[in-house]
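These protein sequence lines map, in sequence, to chains B and A. Read left to right, the first sequence gives residues 1 to 786 (my numbering). Read left to right, the second sequence gives residues 1 to 236 (my numbering).
Please keep in mind that the hints were generated in silico from the structure rather than gathered at the bench. All figures in this text were calculated on a predicted structure; none of them were measured in a lab. Errors might be hidden in some of the hints.
Quick partial rundown of chain A residues pointing at chain B, CB under 7 Å, derived from the structure [to be verified]:
(1) V21
(2) S102
(3) A110
If the Cβ cut is set under 10 Å, some of the chain A residues that face chain B in the computed set are [as the list claims (entries may be wrong)]:
(4) V15
(5) M18
(6) G46
(7) S50
(8) G91
(9) F94
(10) V112
(11) K179
(12) Q182
We treat Cβ as the ideally placed atom computed from N, Cα and C, and that holds for glycine.
Here's the letter readout for the chains.
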Amino acid sequence: MRALTLKLLRNLWQLKGQGAAIATVIAIGVAMYVMSFTSLESLRASQHSVYQNQRFAHVFAHLKRAPESMAERLRDIPGVATLETRVQAPINIQMPDFDEPITGMALSIPDGRQPQLNRLYLRAGQLPEAGRDEQILVSEAFADAHQLQPGDRLAVVVNGRYQRLLISGIALSPEFIYQIRPGEIMPDFARYGIVWLNRNALEAAFNMDGAFNSAVLSLSPGYSAGGVIAALDQLLEPWGGTGAYSRDDQLSHRYLEEELTQLETMALFLPLIFIGVSAFLLNVVAARLIRTQREQIAVLKAFGYSSFTVAAHYCLLVLAIVLVGSVIGVALGAWMASGLATLYQDFFRFPWLEFQLRPAVALTAIVIAGGATLLGTLNAVLRALRLPPAEAMRPEPPARFRKTLIERLGIGWLSQPARIILRNLERQPWKAGFSVLGIALAVAMVMLTSFTRGSVAYMMDVQFRLAQKQDVTVNYIEPAASRTLYELRALPGVTYAESFRSAPAILRYGHREYRGALQGFDPDSRLFSVLDDQLRPIAIPKEGVLLTDHLARMLGIGAGDQLQVNIQEGRRPELMIPVVGLVTEFVGVGAYMHRDTLTRLLGEGDTISGAFLAVDSEYQLELNRRLEQVPRIAGVNLRDNMLEAFNQTMDETILVFTLFSLVMAGAIAFAVVYNNARIAFAERARELASLRVLGFTRRETGWILLGELLLLTLVALPVGFLLGYGLCALLAWGMQTDLYRVPLVITPQTYVLAAGVVLVATLLSAVVIGKSLARLDMVRALKAAD
Amino acid sequence: MTKETVFSTRNLTRVFRMGEVEIHALRGVDMDLYAGEFVVLLGASGSGKSTLLNILGGLDAGTSGEVRYRDLDLSRANERRLTEFRRHHVGFVFQFYNLIPSLTARENVAIVTEIARDPMTPEEALALVGLEQRLDHFPAQLSGGEQQRVAIARAIAKRPDVLLCDEPTGALDSKTGIKVLQVLQDINRRLGTTTAVITHNAVIAEMADRTLRLSDGRVSEVIDNPNPVAPDRLHW
Numbered sequence: 001m002r003a004l005t006l007k008l009l010r011n012l013w014q015l016k017g018q019g020a021a022i023a024t025v026i027a028i029g030v031a032m033y034v035m036s037f038t039s040l041e042s043l044r045a046s047q048h049s050v051y052q053n054q055r056f057a058h059v060f061a062h063l064k065r066a067p068e069s070m071a072e073r074l075r076d077i078p079g080v081a082t083l084e085t086r087v088q089a090p091i092n093i094q095m096p097d098f099d100e101p102i103t104g105m106a107l108s109i110p111d112g113r114q115p116q117l118n119r120l121y122l123r124a125g126q127l128p129e130a131g132r133d134e135q136i137l138v139s140e141a142f143a144d145a146h147q148l149q150p151g152d153r154l155a156v157v158v159n160g161r162y163q164r165l166l167i168s169g170i171a172l173s174p175e176f177i178y179q180i181r182p183g184e185i186m187p188d189f190a191r192y193g194i195v196w197l198n199r200n201a202l203e204a205a206f207n208m209d210g211a212f213n214s215a216v217l218s219l220s221p222g223y224s225a226g227g228v229i230a231a232l233d234q235l236l237e238p239w240g241g242t243g244a245y246s247r248d249d250q251l252s253h254r255y256l257e258e259e260l261t262q263l264e265t266m267a268l269f270l271p272l273i274f275i276g277v278s279a280f281l282l283n284v285v286a287a288r289l290i291r292t293q294r295e296q297i298a299v300l301k302a303f304g305y306s307s308f309t310v311a312a313h314y315c316l317l318v319l320a321i322v323l324v325g326s327v328i329g330v331a332l333g334a335w336m337a338s339g340l341a342t343l344y345q346d347f348f349r350f351p352w353l354e355f356q357l358r359p360a361v362a363l364t365a366i367v368i369a370g371g372a373t374l375l376g377t378l379n380a381v382l383r384a385l386r387l388p389p390a391e392a393m394r395p396e397p398p399a400r401f402r403k404t405l406i407e408r409l410g411i412g413w414l415s416q417p418a419r420i421i422l423r424n425l426e427r428q429p430w431k432a433g434f435s436v437l438g439i440a441l442a443v444a445m446v447m448l449t450s451f452t453r454g455s456v457a458y459m460m461d462v463q464f465r466l467a468q469k470q471d472v473t474v475n476y477i478e479p480a481a482s483r484t485l486y487e488l489r490a491l492p493g494v495t496y497a498e499s500f501r502s503a504p505a506i507l508r509y510g511h512r513e514y515r516g517a518l519q520g521f522d523p524d525s526r527l528f529s530v531l532d533d534q535l536r537p538i539a540i541p542k543e544g545v546l547l548t549d550h551l552a553r554m555l556g557i558g559a560g561d562q563l564q565v566n567i568q569e570g571r572r573p574e575l576m577i578p579v580v581g582l583v584t585e586f587v588g589v590g591a592y593m594h595r596d597t598l599t600r601l602l603g604e605g606d607t608i609s610g611a612f613l614a615v616d617s618e619y620q621l622e623l624n625r626r627l628e629q630v631p632r633i634a635g636v637n638l639r640d641n642m643l644e645a646f647n648q649t650m651d652e653t654i655l656v657f658t659l660f661s662l663v664m665a666g667a668i669a670f671a672v673v674y675n676n677a678r679i680a681f682a683e684r685a686r687e688l689a690s691l692r693v694l695g696f697t698r699r700e701t702g703w704i705l706l707g708e709l710l711l712l713t714l715v716a717l718p719v720g721f722l723l724g725y726g727l728c729a730l731l732a733w734g735m736q737t738d739l740y741r742v743p744l745v746i747t748p749q750t751y752v753l754a755a756g757v758v759l760v761a762t763l764l765s766a767v768v769i770g771k772s773l774a775r776l777d778m779v780r781a782l783k784a785a786d
Numbered sequence: 001m002t003k004e005t006v007f008s009t010r011n012l013t014r015v016f017r018m019g020e021v022e023i024h025a026l027r028g029v030d031m032d033l034y035a036g037e038f039v040v041l042l043g044a045s046g047s048g049k050s051t052l053l054n055i056l057g058g059l060d061a062g063t064s065g066e067v068r069y070r071d072l073d074l075s076r077a078n079e080r081r082l083t084e085f086r087r088h089h090v091g092f093v094f095q096f097y098n099l100i101p102s103l104t105a106r107e108n109v110a111i112v113t114e115i116a117r118d119p120m121t122p123e124e125a126l127a128l129v130g131l132e133q134r135l136d137h138f139p140a141q142l143s144g145g146e147q148q149r150v151a152i153a154r155a156i157a158k159r160p161d162v163l164l165c166d167e168p169t170g171a172l173d174s175k176t177g178i179k180v181l182q183v184l185q186d187i188n189r190r191l192g193t194t195t196a197v198i199t200h201n202a203v204i205a206e207m208a209d210r211t212l213r214l215s216d217g218r219v220s221e222v223i224d225n226p227n228p229v230a231p232d233r234l235h236w
């Protein structure tokens, strides 16, 4: 057994090139798997731990204004464990050297104390002291974006009143893990901030003395949110309640969930594809590797080693490679996961991260990759063992060949080397097929990991060039008369303005519901279009409502059905509105109708919720300053800022992830192609040496080998494109959320990239093999019977 | 009559380094091969005969000494010249045929004629070895003797100056072997191709014009044979 162990070690050394390629594929498969699951599980664990420790509320309610005495009645609702009232106010923030408008939200905390729910985590400084009304806490994301520190002053406009406040601390809240301005799709930390003030201070600033306009509560065990929400809504209706909602509809939580779900899709899908492809390749490669050992296996058997010992010997050989690959893979995966989790922390503002690498995750990855490798090995070893030793030791008889199908179809002009290539491929169609499939999978993986960039660009293009053409969106604090539009039109730089009406509403069909808004537009809108499935603008009909196709799917509703609408403001009418058509939207979901019809259904006069503006960019800064001074404005969204924030976020998150994957896919592509070439070289060494002896140059013999490689690659490209398209479609489908749907758009660049990566891998392999070819020992290759 | 020298070696040595051991395969070989003759290089296993043939054929280079093919100094030729030399001047026949299994008999010959300067057609070459009926058979469909004859056809199709044969009958039974030798002699006589056959089978020497006996890396004996025997009268 000792000699056999030595042989094992020497074989490992001899096979170091191919072994390294196999170990690389294992390492990548395992690393992707470990990285995805570990980073996702870490985020999930962090979410859970933060929610638990910081006592994230279960139900949220907003109203116009209610006296504090109402709080006791709310606490009496069965199922309420803890209820806390507070004041919340929209604010503008002014930063020196920052010309663009900054909006935000001010929330009250009990004077000098932590709130009971949604407790704050202080990253730096301390809570505002009781009785010190000028002290303020700033959210970490905003503080980071403007490099604010405790002790700095911050200029805040509350209710039209300018105040210079003192930052006492930097805080994080479970309520704002995903800190995003309502109505936007990506966070913009520099232009949207959260601040916390003592209750007394905010009451005074927002004219809320002895009153509250927001309540949060936690549920007693065994109670569900539904009953409590119904009771809350009933009690708060006279006080201008806008409808209580559970965590599921809380902005940060919902976005966090959506993002995590999307990550889950990616985290499940990509590594499964990776490890699946790795497993397939390993199986094929291990089997071929063993086939080159056929004679040695026969010799060992001739010496009297049992089949079991021989099989174990080769399994051990492969196991050693698996082990090396797995160790590297787990370490790499854990390292990448911690990097990724830290990266996501810029985005998901968790006070702390619970990083956990579960042994089960690592083990599963190793078992999948290692198992497939061993299976391929065992299969090949057993086949070699079945031969009588004498037969296995003899050189393989000349392989049987026939004229290829292509030749029989009558292409007689092929040169002999071309015939060699074709016949080699046709004689072993399975082997050629597996090679093609392997390379095709590599192509598909590159496509899968890179198509999102093009798709997202397309998505944004459709959204902001075809659908929403306004430069600025102005949202009012509450609906106002339509004549206010004239004030906006008169502002500097505004070249065109049109109004919209948006009413928060619960949309229901059957037992499904969606909390969103009913939006009314002018039918001849120039800045806002709804698009059909061919992306052509559709006119907004006078009656009925148009739904985003994704929303219609979520509700299970179609054109012609009656949508039940519970308006959540004003008189809160319950409406039945026929769905008259579906519109295509990649970003967000909506229910759109004629503005006049909407205001009629709302039972109001001619009101608007805000306006879309087209702006001369030269006047943008001046306009920003003027908009800040208009008191009824709750928020201003600038298209360019939104795009910038979106692109930045995409770059930081999804695209970093896909870049990781792209590098991995490239490495796999190389490993596949290189192994193919390496094995083809080993199998052909004798034939190639014969040709060299006959007077063929290195280049000419190289062509036979590399021509085969190139042909396989060329055949694999279209197959890979098809496979890739399918995988991309699957991923796009899996990543649909109501925040956005990545359209399945595969740009020519994606195809070119995928083909390029694989062709470069082919070229690199060709260079390496070319070197071996130069070292080919003609004499030895001729002498050795095989 | 002065004989035209095709190959000549002077003090040719070849040392193989196998790890820390040096094996002296050739220890100073002086020999000449003349145009048109049929020479047998006779020697036991390890006598250096294959090494000598490989160096003459441009597959290997000596460690020291001189090897000339007509005006070409093989001992100083680079890789490109050697490839060209093999391509245009030398025909090889090996013990294990070394046919390309994926090509038919005709195509195995064509692979050489396609890169040669003034070749015969594959059909002509195969007719010369008596295989005009087996043109489209793949190696796996041919007997050992037939495969070796394809190899000979492949070697002669380019009309080489020299035909170098390394144990051409080594893998064949005697009856088939004799058929192969007849083909070789026939080619030598008809085309005047200088032919060198290496073998450990002393019987074959009887059909040669000249026999060089190799032992321990040197030419130990040169035997002229004014009356070569026809191959069909050989027995072993």
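Here is how each hint holds up against the structure:
no.: 1; hint: V21; result: violated, 17 Å
no.: 2; hint: S102; result: holds, 4 Å
no.: 3; hint: A110; result: holds, 5 Å
no.: 4; hint: V15; result: violated, 15 Å
no.: 5; hint: M18; result: violated, 12 Å
no.: 6; hint: G46; result: violated, 13 Å
no.: 7; hint: S50; result: holds, 8 Å
no.: 8; hint: G91; result: holds, 9 Å
no.: 9; hint: F94; result: holds, 6 Å
no.: 10; hint: V112; result: holds, 5 Å
no.: 11; hint: K179; result: violated, 20 Å
no.: 12; hint: Q182; result: violated, 24 Å
The structure does not agree with the numbered hints 1, 4, 5, 6, 11 and 12 stated previously, though it agrees with the rest.
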